[in-house]
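A.B. asks: Going down the list, the protein sequences come from chains S and D.
For the first sequence, position 8 matches number 39 in the working numbering, and the numbering has no gaps at all.
For the second sequence, position 98 matches number 462 in the working numbering, and the numbering has no gaps at all.
These are computed hints drawn from the structure, not numbers from a lab.
Remember, predicted model here, so these are calculated numbers, not experimental data.
A virtual CB, placed ideally from N, CA and C, is assigned to each residue, including glycine.
Heads up, some of the hints might be wrong.
[Claimed, not checked] Residues on chain D that point at chain S, a partial pick, calculated with CB under 10 Å: (1) Ile398; (2) Lys406; (3) Phe410; (4) Pro446; (5) Asn457; (6) Ala462.
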Amino acid sequence: DTAVSQTPKYLVTQMGNDKSIKCEQNLGHDTMYWYKQDSKKFLKIMFSYNNKELIINETVPNRFSPKSPDKAHLNLHINSLELGDSAVYFCASSQRTGGDTGELFFGEGSRLTVL
Amino acid sequence: GESVGLHLPTLSVQEGDNSIINCAYSNSASDYFIWYKQESGKGPQFIIDIRSNMDKRQGQRVTVLLNKTVKHLSLQIAATQPGDSAVYFCAENQAGTALIFGKGTTLSVSS
């Protein structure tokens, strides 16, 4: 069983389109994240949700809208896609304890290519 | 900011050698650090972590060293194997935020 699974693994689309990436974790964790990894492999936090509530939003354009229907799911919807959105998007989860993030468990990534 | 010269984007070693990957972190208030390994086409995987009240922690073939004075973290891999080839990231936990990742180091192991 995959602990953190995200779909689709690959996504190729035209500029201006709207697309979604889905993420599910079966670890029973309270906190989920979206990270963006650019072509230079730099990993940057985008969002964090704890028990369905947004706790971190790192100056991401409002074309990006995360949605958490329950604590096991965190989906990412992107409107009006731009060339610069091309990247690999990673979902992750953790069992936060106190102020610590704790170990993050990552999905396999979703490679988005905007043409 | 990062200490110039400590971070190497790539490291090439021979199989059986010991590898040392360095990382400079940014926030002196960070109290929890993790090393991750990312293989091609996969998500980052946990290797080892360390809290700020420690300066050394050992795992299987890996050791993490923490120097809070200069905000430096290192990962030592003993007897490096071809399967260790990957991108390695250090990450720091700043209270109230998510894990912040440093620049990765690509380790290439030749046999």
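A.B. asks: Under the criterion of a CB-CB separation shorter than 10 Å, is D/Lys406 in contact with chain S as hinted?
C.D. replies: holds, 6 Å
A.B. asks: Given D/Ile398 as an interface hint, is the shortest Cβ-Cβ distance to chain S below 10 Å?
C.D. replies: With a minimum Cβ separation of about 7 Å from chain S (threshold 10 Å), the hint on D/Ile398 holds.
A.B. asks: Does D/Asn457 pass the interface check with chain S, least Cβ-Cβ distance below 10 Å?
C.D. replies: holds, 5 Å
A.B. asks: Does D/Pro446 meet its interface restraint, that is, does its C-beta lie within less than 10 Å of any C-beta in chain S?
C.D. replies: Given a least distance of 20 Å, the restraint on D/Pro446 is violated.
A.B. asks: Quick one, is the D/Ala462 hint okay against chain S at 10 Å, beta carbons?
C.D. replies: holds, 4 Å
A.B. asks: Does D/Phe410 meet its interface restraint, that is, does its C-beta lie within less than 10 Å of any C-beta in chain S?
C.D. replies: holds, 5 Å
Violation of the numbered hints given earlier is confined to hint 4; every other hint is satisfied by the structure.
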